[in-house]
Amino acid sequence: MKTYLGEFEELVLLTIATLGAEAYGVSIQQDIEARCNRSISIGALHSTITRLEEKGLLKSWLGGATQERGGRSKRYYEITPAGKKAVTESKSLRDELWSSSKIKLSTIK
Amino acid sequence: MSTHQPPKLARKIFEWFCGSANVEDLLGDLDETFYLHLKNRSLFQAKLIYWKHVISLMFSYAIRKRKRDASFGEFASSSISLDMVKSYFKVATRNLLQHKYFSLLNTIGLAIGMSVSLLMISMVSYVSTYDDFHEQKENIYTILSKRIDGIEERDFASAPAALGDKILAEYPGIKEMVRINSSLHTEAKLEKESLPLHGYYADANFFSVFSFEMIQGNPFDALQKPFSLVLTETAAQKIFASTDVIGTLIELEGLGSFSITGVMKDHPKNTHLEFEALASYSTLPTNTSTHNEQWLDYKDQYVYVLLPESSSVASLQQQLNKIAAETYAQTPVKVTFQTQSIKGLVKLDLYNSIGPQWEASGFWVFGIICLLILLPACFNYTNISIARALKRSKEIGLRKTIGGVKNQIFFQFIVETVVITSISLIGALLIFFVIRSEFQSMMVEASALDLSLTVHAVALFIVLSLVTGFIAGSLPALYFAGLNPIQALKSNPSNKAFAGMRVRRGLTIFQFALSFCFILTLIISSRHYRTLINFDFGFKKENVVNVELQQADPAIFKNEFSRLSVVKSISLSSGSLGLSASNLWIHQPETHDSLEVAQLFVDGNYIHNLDLELLAGKTFPDQTWQREQFIIVNEEFVKNNKLSTAREALGKTFIVDGKELVVLGVLKNFHFAPPQLPIKSFMFRSDPSQFTQAQLNVNVTDVYSSFSAMEKAWKSLSQRHPLKATFYEDDLNNAYIGYQSLIKIAGFLGLLAISISLLGLLGMVVYTSETRIKEVSIRKVLGAGTFGITMMLSREYLKLIMWAIVLSIPVFLFVFDTFFTQIPNYHVTLSVWDLLLSSLALLILGLVTITSQTYKTALTNPADTLKSE
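Chains A and B, in that order, give the protein sequences.
Residue 32 in the numbering used here is what sits at position 32 of the first sequence, and the numbering runs on without skipping anything.
Residue 768 in the numbering used here is what sits at position 768 of the second sequence, and the numbering runs on without skipping anything.
Hints in this document: simulated from the structure, not taken from any laboratory.
Be careful, since some hints might not be right.
[Unchecked claim] Computed cross-link-like contacts, DSBU-like style, restricted to lysine-lysine with a CA-CA straight-line distance of at most 35 Å:
#1 B/K867 with B/K391
#2 A/K91 with B/K65
#3 B/K52 with A/K55
#4 B/K8 with A/K59
Between the sequences and the hints, there should be enough to build the whole structure, so can you do that?
What follows is the structure, encoded as structure tokens:
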């Protein structure tokens, strides 16, 4: 079954992929906020992460105990092969559209 | 690290909200963000953001999902497959068979509870078939009217006949219009006597609108000519003993000679029309009365219209509104018209309706009563199921652990309940068959009711059992579905069982409160009934036999019957005191005052015969009078005419029906009307032509022989009619037949409610006794006595009954004040004794039920129960 990604979903997936081994709740949120220069609600972020996990595009595990956050462990996220496929498909679709569209990147100056 | 902490309350709320769901990482994230913010913002701002995040998370899908995951095992799946349903059935039947005692209690309780609802359903189902047989039922409309007279607004089923002509003339979109006049109440004169005949005058197209089947004669012109008459099969048989009567002439009392043009099949019971005969509308004299009379005095006149297929009623309604506005512009009374499909007509509350009427309000009351009986039965099931939760909780815990989700567990228990209610439905049907005829005989409109089973009714019965199953099962199902698998699998009873306790107590208290109210109602109404039966009317009612004259000549009758040895004296009258009386206005010629007075026509013997007490004057002269001369009045009459003494009233003249009548005697007050009505002005008159019945003062040593003697004497007067003789006392008591059936119904329902509550109580007591048997045994070993143990086990339930009584008393007092006191001239008041008596009755019943079980438990040999440990 083909998975369709929403804009925010794609953003979250790519951010997690960018962050690599350091992808957990706070880092994901901060990264997106910094890059996109927009404030995102923590509830919406976690809802999206949960849905992506349900679709099998993400997997998560609990890390060990930490010092700085009251001893509470972090939940780390990683993009799955299915997730990679979904982002790749999304990218190729865009590339195709870009190449065939009348907008020439060079004209934007 | 700073000493500032994230807001504790927010964290607490969040943790509480998430319950058993794993949110450690989220809490960690929240803390981390908080400390990050602390670096460049104020403490207050950081805390605010923390709160914001908590709220945002609480409403997020992430938490919902985590919570859901937490309540199920790893293999959870929410689908319900056919195989699972089969398995549920199997588990349900095994469970039922394993716990036969409880299954039986539940089934009986639910069967009793559902039986009354079956009555209700079959009645509603039957009433909904009314007028279904008319082929054009969708397009037949009748016109209702609403009269607004000052502040009084009344809805009538009737509408002026003149309206029929008017819409026919002014509104082209009408296929047929039928006028019906229901004033055909007459007697068919036969050779020797006459038979009552009731029916309608109807327009010639009656049969082309309504689908009634004709056996003889042409339906389309049978009602064409004046003085044509169509009889129903029964009426034809009754009058002529044959249905082959076309063309026969029949003399109708006061109307003239009619020619019979048709015989129709008896109309089905389920129609809003009810008649024995139809006379052609053209028989009625052309209306020559004034405009106002035609449009304002339209009692017994009905207008039906048949609209063409697919035409709208709305435009007809508009036309009606227009006509009403024009016609009633100048009149003091305003009337508006309303179209009404004949479907559903029978369920409206209307004045002057043409035939049987099933008021919707009655159905509501009945429906509420059914619910009050059915709900306790459902509660029984709920109670016993929750009580037995401990035994089932292992099963549920296991189911959940291996992947059963909430929906499935819920569904499983609903299936289980539905299995029980389906079995109960069979029991309920048996009860239904037993009580059906009794119930029907209690209904006023019984003749228009047929409660035999139809497909429609049976389908509704099945729906009822499903719905009942859902109601009874949803509480335990929810309870089980919400069980935490870990707690359920623990061997110790969980705390949740105590949460169930509160619900169960509440339900039991409700049941007993209901039973208590039923017992109280029964006690009060039967006391009221007794006072009514023993009511002193002020005249003699014992040993008086009323005989209906039925067209026999009064003089001959008197002659024949006075010869009988059992008859001591005979009097004649136009009706019976204490049952009914007609009213009219009389005038006092001197003062021109007028007064409304009730009247009865009697002969000279009457006053003596019924032991009425004369205060002054004398009774009517005993011989044939040429014209009416006298009246005899009561005290109230004297008082209302502002006369000080009885003696003063004697010889006064009053104008009655245009005749000058002189007061001949004054009687002590007596109840000439039913006892709930106050005594008003009354007079006896003496017009022999009005006599319809005779009062025989008899010696009743041998009822049978005296009646057979009367029978013989009657034979010489009339062959066709049987003797209609009844004891006056019975006649008077029969007037309370409605009340009597009310008591019967209340008693019956009370019995049902009480037995349901007792069944439930029995189930609960059996269950607790079973679970506490070890405790009881240990207590016995340690030296507790049988009585002490019985008391210990019973105490809790007795307390519940007491609570029920205490709580229901204020409710009942309120109901008593609002409803019972509405009954006119209601003499009975609620006394402390009634409350005590009902409480005692309920307590004794409860005590017997409880101790029957607890005593048994207390008697068990401790060695038997303890050795298995």
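*Check each numbered hint against the structure and report the violated ones by number, ascending.*
Of the numbered hints, all hold.
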